[in-house]
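Residue numbers (this note's numbering), protein chains in the order written: chain A, 1 to 364; chain B, 1001 to 1248.
Since the hints were derived computationally from the structure, they do not count as laboratory data.
Only a predicted model underlies this, so the values are computations on that prediction, with no experimental measurement involved.
Positions of the beta carbon are idealized from the N, C-alpha and C atoms, including for glycine.
Among these hints, one or two may not hold up.
[What the hints assert, rightly or not] Example chain B residues on the side facing chain A (calculated, C-beta under 8 Å, incomplete):
no.: 1; residue: Leu1118
no.: 2; residue: Leu1119
no.: 3; residue: Leu1125
no.: 4; residue: Leu1185
[As the list claims (entries may be wrong)] Here are the computed distance ranges between Cβ atoms for each label pair:
no.: 5; chain 1: B; residue 1: Pro1030; chain 2: A; residue 2: Gly239; range: 29 to 37 Å
no.: 6; chain 1: B; residue 1: Leu1098; chain 2: A; residue 2: Leu107; range: 54 to 62 Å
no.: 7; chain 1: B; residue 1: Ser1041; chain 2: A; residue 2: Ala234; range: 20 to 28 Å
no.: 8; chain 1: A; residue 1: Ala271; chain 2: B; residue 2: Ser1142; range: 36 to 44 Å
no.: 9; chain 1: A; residue 1: Gly126; chain 2: B; residue 2: Ser1041; range: 43 to 51 Å
Take a look at the letters that make up each chain.
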Amino acid sequence: MSYCRLDGTTLSLSGQWNLAHIADIDAELGAAGLPASPIRLDGARLQGLDTAAALALLVRLGRAGATIAGLSGVNSSHARVLDAVRERMDDGAPGVRRRNRGPLAALGIAAVKFGWKLHCHLEFLGRCVAALGEVARHPSRLRWKELAAQLQHVCLEAIPVVALVTFLIGMVLAYLFGMQAEKYGASIFVVDAVAIGATREIAPLLVAVIMAGRSGSAFTAQLGTMRLTEEIDALRTLGLSPMQVLVLPRLLASVFALPMLVFVGDVATLAGAMAISDPLLDISPLTFIGRVDSQLAFRHVAVGLAKASIFGAAIALIGCRAGLTVRRDAHSIGMKTTSTVVQGIVWVILLDALFAVLLQELGI
Amino acid sequence: MSAAAAIEVDAVVTRFGTQKVHDGVSFSVPRGQIVAVIGGSGSGKSVLLREIIGLMRPAAGRISVLGTDVLRATEEELTALRRRFGMMFQDGALFSSLTVAQNVATPLIEQARVPAHLLGPLVRLRIALAGLPPEAAAKMPSELSGGMRKRAAVARALALEPELLFLDEPTSGLDPVTARAFDQLLRFLADELGLTIFVVTHDLDTLLGIVDRAVVLAGGTVIADGTVKDVMRVDHPWLRSYFANHGT
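The shape of chain B in the complex, shown without the other chains (with noise of 0.2 Å):
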């Protein structure tokens, strides 16, 4: 494990229009940690991570995720980059005319070299994995209830063994007692397979529960960054309504 961040956000500017979503947003992820990404509704958490992952291109500034300029590395190195992290989209995006197990399949089948008998035995793993049950394999995603369907997506995720995940809102719309085996799934796959694991969320359980660091975004900047007791402290009037709604 290289001592080398993860990821390295420096000097970020995203426009929508006249709309300055990012002012100078800068962060650094270091390997093997739960970092968190909290902010306001609109405070640009999820454009964010759209740019991280290299699906939107921000207006100035620089993005390395495990080394590689994201901003500036040509196809090729970014479809390289691609096969070593894994994404949850927030509803999931499971592809909805294939079953969970053929969602899960799919990345296996176009980028690894998976021996054919193993194959079968690797999906099971990586949907019990998510904390799936069996049952589930067979199901199209339209018969899997929310939970399920966000489950099925960290599943499809983790399938090429990423040295780094991203998540969008993981345990939203998720019950509390199945959110907390999400988090305790996470904190599994950080401090047993090394993952490192970028999450937005709202979510003050998990921030309180799991996360390593927390990066604040409000105003277009980055107004707190730290582990989550340094983050408490920081005065600042969205920072405080928020720990206080969740009534801390």
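Same shape as in the complex, but just chain A (with noise of 0.2 Å):
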């Protein structure tokens, strides 16, 4: 199949021209030897003419040199697309270059954007501080409705996963430790560590990472959609604030429910290594109450209980602040929820290791 032929100065067209063909016409067009002088169009055989071919011809005959003479046999349709692309066509600029820039200023710009970032960030904990306040002066300003709704999503419909959880690894530390303990023939002090293990630090810790998953990522979805659609610029307009009507009970919801989970879970650890302990360690349930009675120290339970408020808090923060900062790409949406799990996770554990070390000084 032919597309064009080359007479002298007169380039003839044949057959169509369209997209479908662009890179065989493109091809003959290459091939064709096209003159830097003015050349005549016939197209008289020419079936189609589609923008897209119109371009490449004008390309090729651009890059070549070459300007239209003149049309011949070439029919009022065809020349209009012609026209149409000519009038429409650029010359090539691209229209915006990204400048390189070197190791240094790249890391300038850096360092000012992780201090904006962080800029950000107090600037946003500051409001939350200053909208805590303004409750406790008027507890009647509070979305307590939204914060029963939080409280059921964040609490209540979390508990069997919480409970299942915490009761499978209450199992496995039981039989970790009673493998152990069973040869010095120190069953008992299983319970010991079950017990004081699992309230100060396991069960915290385990419902503070199940809820970054299922709650701080919760946050930052919904806030990041209510932003995509232009909610939370309604809110604003309406003179509601977004940090009372929404970042606040999301927040207060987590302080309360992470205790209350923990709670849930410390009791689902120990009957999970009760559970255990009767058949493999010959412990009764009596006996591993009993022993939980006498060995667990109040201090533990209230340690763990009080740090799984502070991974609340931080969960619900940070889930916030990502939804907050979403764009208005839908690529958006999904990193933020990524990070606000990331994130909300590294926070829990090294807050969790802040705790320790400072509890540990304190003597608690």
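Put the complex together from the two separate chains, hints included.
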């Protein structure tokens, strides 16, 4: 199939010049040896011409330095397509070039960006505290219904998964400790280890990780979607503060819910350990409960519950902050949700390590 | 150009639960014309459009686009058909994580064999054909105004040289000057490139200015079908208030 033929200074076009054949047309034009002089176009045998093919012709002519001196036999609609494309063609100047920066400039930009991010995070924290202060003075301004709804999502609906996971971990812990302790005839200390370890460390940490994945991501996705659909802007224009309406209920719900869930976790972990201690270590449930009663000091449980509140606050703040900074594209919301979960888990573990050192020094 | 109609809709019935949106809608769209569907909000215009392009299935009826029976076609036939028409969604539906140029290039890269050195000029031509300034190419959809987003969507719909272009409320949200320029673009595409254009619109200026035929939906059926002059003569309460409200 031939699309074009050059006779002296006349280029004859034939066949269907359209997008489907653009690769062949372009190749033929490239091989035709177009002269760097004015040429005439003969379109008598041209069956169709679309804008893509017209562009291919004009680009090839332009590159060869040829100009169109005249048309012959080109029907009016093809001529108009040619004109339409010629009018709208640019000279190929790229719009925006990204500047290449040296490593020092890149470092500087990164530092400024980091500083600005920190500034924004601090501002967000400040706004949260201000909103909390306002609610403390006027408790009626808190969205109690929203708080109740969030408590249901964050706390009640999480109970089954928290109970299941901690129950299984309790079994695993008792089994692992039991294998070792049995060698020394010290089986009964398994109860001490599980009781203290679970209430002080394991349950708060596990619950916080589950909540970072479950509620932190939900906060980001909810607030992020509301930002995409301009609902947050709408709230502002209605004179409502997104902090009061959206962030505080989620923050308070997390702060209250986490200790409750950790308590559920404590009980489930001990139940798991108790369930396996009877067949494995010959520790009857009654003995188990008695031992827990005599060995588990209240301060261990209290430390676990107190830590949980702070984990809850961290997760809620990270989740809400990420949600409110979603940019207006589909990519952003997924990235922010991922970052909430990752940051939530990292911060929970960092805080936990901090508490371990702090409480050790304080002797609690 | 074959004599057969570009779109044929025959006795289409659509239900949402117990609510009947279309109760026997029939009309046809001749090739090379601009045909507008008008009707009140909730009269099922957008639903009809989605059914024609195969995104939704009606409960009963027959729809044929460019000679392909949309409701009975295999997935391959539908894919082949989809390359032959372009669609502009109401809010643009641009891919939000790609620039305008990348949005326009996507169908070209996926569906057409375009030589690498022509891809850039072709994308810029589409952007210019849709009436966007060249600087818009490097922008993200979120950085564009509503009107520019619509034009970018048209640029993407035009990417594959479609024979048939569907537009869902193309001029809503545009200022009158831009809207008329947009109308002229549609007229140009129909006259010069031989495109068939099927447009769902509320815009009376579009209707009176550039549309060849109008189909009026009300109460689940077609109450008028013909040239704009014919349609204006039809005596129906909705049509009377439609033309009266626009102060013609």
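Okay, the hints, checked on the actual structure:
{"no.": "1", "hint": "Leu1118", "in the structure": "holds, 6 Å"}
{"no.": "2", "hint": "Leu1119", "in the structure": "violated, 10 Å"}
{"no.": "3", "hint": "Leu1125", "in the structure": "holds, 5 Å"}
{"no.": "4", "hint": "Leu1185", "in the structure": "violated, 11 Å"}
{"no.": "5", "hint": "B:Pro1030 x A:Gly239: 29 to 37 Å", "in the structure": "violated, 54 Å"}
{"no.": "6", "hint": "B:Leu1098 x A:Leu107: 54 to 62 Å", "in the structure": "violated, 29 Å"}
{"no.": "7", "hint": "B:Ser1041 x A:Ala234: 20 to 28 Å", "in the structure": "holds, 21 Å"}
{"no.": "8", "hint": "A:Ala271 x B:Ser1142: 36 to 44 Å", "in the structure": "violated, 51 Å"}
{"no.": "9", "hint": "A:Gly126 x B:Ser1041: 43 to 51 Å", "in the structure": "holds, 45 Å"}
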